[in-house]
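*Asks:* For reference, the chains in residue letters:
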Amino acid sequence: MTKTIRFRREAAMAAPVVVFAIALAVMQRIAGAWTWLPAQTVALYAAVRLLVLALPRQWFSSLPERRSRMWTPALFFFFVRHFLSILGQEARRVLIARSLALTRPYGPGSCGSILWSVASIFRRSLTRAERFYAAQWLRGLSE
Amino acid sequence: MTAPLEVKDLCFSYDSRPALEGINFTVRPGERVGLAGANGSGKSTLVWCILGLLRCGGSVRLFGGRPGGGALASVGVVFQNPEDQLFLPSILDDVALPLINRGQPRTAAHTRARTALAAVGLAGCESRPAAALSLGQRKRAAIAAALINAPALLLLDEPTAELDGRSVRQLKELLLGLDAAMLIASHDLSFLRDIASRAVVLGEGRILRDGPAGPVLGDSALLLEAGLI
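As you go down the protein sequences, you meet chains A and B in turn. Take the first sequence: its position 81, counted from the start at 1, is 81 in my numbering, and no numbers get skipped. To convert, take the position in the second sequence, counting from 1, and add 1000; that gives my numbering.
It should be emphasised that the hints constitute simulated quantities derived from the structure, not laboratory data. Incorrect hints may appear among the rest.
Said to hold, decoys possible - Per label pair, the in silico range of CB-to-CB distance:
1. A/ILE5 - B/GLY1052: 56 to 64 Å
2. A/ALA14 - B/PRO1018: 28 to 36 Å
3. A/TRP34 - B/SER1134: 36 to 44 Å
4. B/LEU1135 - A/ALA12: 41 to 49 Å
5. A/TRP34 - B/ARG1106: 23 to 31 Å
6. A/LEU95 - B/SER1197: 31 to 39 Å
7. B/ASN1024 - A/SER68: 54 to 62 Å
Stated by the list, open to error - Non-contacting residues of chain B with respect to chain A, defined by C-beta distances greater than 12 Å in every case (computed):
8. GLU1006
9. SER1013
10. SER1059
11. GLY1070
12. ARG1106
13. ALA1146
14. ALA1161
15. SER1167
16. VAL1168
17. LEU1174
18. ASP1188
19. ARG1193
20. ARG1198
21. ALA1226
Everything numeric in this text was worked out from a predicted model, so none of it was measured. Glycine included, every Cβ here is placed at the ideal spot set by N, Cα and C.
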């Protein structure tokens, strides 16, 4: 395999993780709550990928077919599934609170409040995800 | 005069597990009703049903109408988790939002919001986001946001949770000075004794007793049955 092909393959594999990390960083920037989670995500991916490359291929022979079309999306969903469920719960709570605060859904302040409430959903979800991560770490289930 | 809140035969289940059954009570104008119950007795679920956020059986009437946009305009709500209600860049914006939405000029709305925040002991914290405040301060900001529209009915879900002694005292003074009808869901019996004129005791999703706050909240056997002591 030429170097160019190999580099493209690695880049394609890393793309979803990098896109996720960039999106996360942008959302954090909007919400004004910066954490190291985006950088940690990319660093963890890189570390795991290097480990996989360093280990003998036979060790992974029992894993599901990696070339199937659903492999990358399934893996991506697996990594972010907890974050997505938190995101859903937080979205419901914030949008209910917003609807109770506004007596005129299209009155002054409604447009700005929807932008801020959406941004706050991400901030709150990240805080909860961080708490979950910290709890897992304390129980020895992370890192 | 129309009752601010009328609940008839209300029932609600989470999946197949009944959470509330046969709930009947009325909150009359200016009346302060304490909804006492242990953890998991259905207090928060009842508040959510009253607001129309959960689909329940029976009937809920807010000012004679069904829960919805118009009726909710006269209702102030404080949720158990104050973070739910604070999402703007500063608590001043959060508290002023209902006024701005009703068409008040921004400057006037901010002036009133500052007064409301000062009344709950948050003078000087106006420009801070909710995330930068302690849980007790967030609770007080949520209370200020609920009171800003001078609602005719206040629904307070565990208002004293996370508050220190001084904040509880300030909250008591604040609520006692209001003319609004109130439904205060709490397991803080001392707070309810001081503030409520009537008490409804919930136990396992049913009303165990509804009557004057003094005798009801002084009945040890009842409180033991409800898991409150």
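*Asks:* Find the nearest Cβ of chain A to the Cβ of B/GLY1070 and say whether that gap is larger than 12 Å.
*Replies:* Since the minimum Cβ distance to chain A is about 8 Å, B/GLY1070 lies within 12 Å and the statement is violated.
*Asks:* Can we confirm that no CB of chain A comes within 12 Å of the CB of B/ALA1146?
*Replies:* Not fine: 9 Å to the nearest Cβ puts B/ALA1146 too close to chain A.
*Asks:* When you take the CB atoms of B/LEU1135 and A/ALA12, is the distance between them in 41 to 49 Å?
*Replies:* About 45 Å separates the Cβ atoms of B/LEU1135 and A/ALA12, which means 41 to 49 Å holds.
*Asks:* Could you tell me whether the CB distance from A/TRP34 to B/ARG1106 stays inside 23 to 31 Å?
*Replies:* holds, 29 Å
*Asks:* When you look at the beta carbon of B/VAL1168, is every beta carbon of chain A farther off than 12 Å?
*Replies:* holds, 23 Å
*Asks:* Minimum Cβ separation between B/LEU1174 and chain A greater than 12 Å?
*Replies:* At about 20 Å from chain A, B/LEU1174 clears the 12 Å cut-off, so the statement holds.
*Asks:* If you check the beta carbons of A/TRP34 and B/SER1134, does the distance land in 36 to 44 Å?
*Replies:* Because 21 Å falls outside the window, the suggested range is violated.
*Asks:* If we take the beta carbon of B/GLU1006, is the closest beta carbon in chain A still more than 12 Å away?
*Replies:* Given that every Cβ of chain A is farther than 12 Å from that of B/GLU1006, nearest at about 20 Å, it holds.
*Asks:* Find the nearest Cβ of chain A to the Cβ of B/SER1167 and say whether that gap is larger than 12 Å.
*Replies:* holds, 21 Å
*Asks:* Are all beta-carbon distances from B/ARG1106 to chain A longer than 12 Å?
*Replies:* The assertion about B/ARG1106 is violated, with a minimum of 8 Å to chain A.
*Asks:* If we take the beta carbon of B/SER1013, is the closest beta carbon in chain A still more than 12 Å away?
*Replies:* holds, 19 Å
*Asks:* Does the hinted range 31 to 39 Å hold for A/LEU95 and B/SER1197 at CB?
*Replies:* At 35 Å between Cβs, range holds.
Hints 2, 3, 11, 12 and 13 from the list above are not met by this structure, while the remaining hints are.
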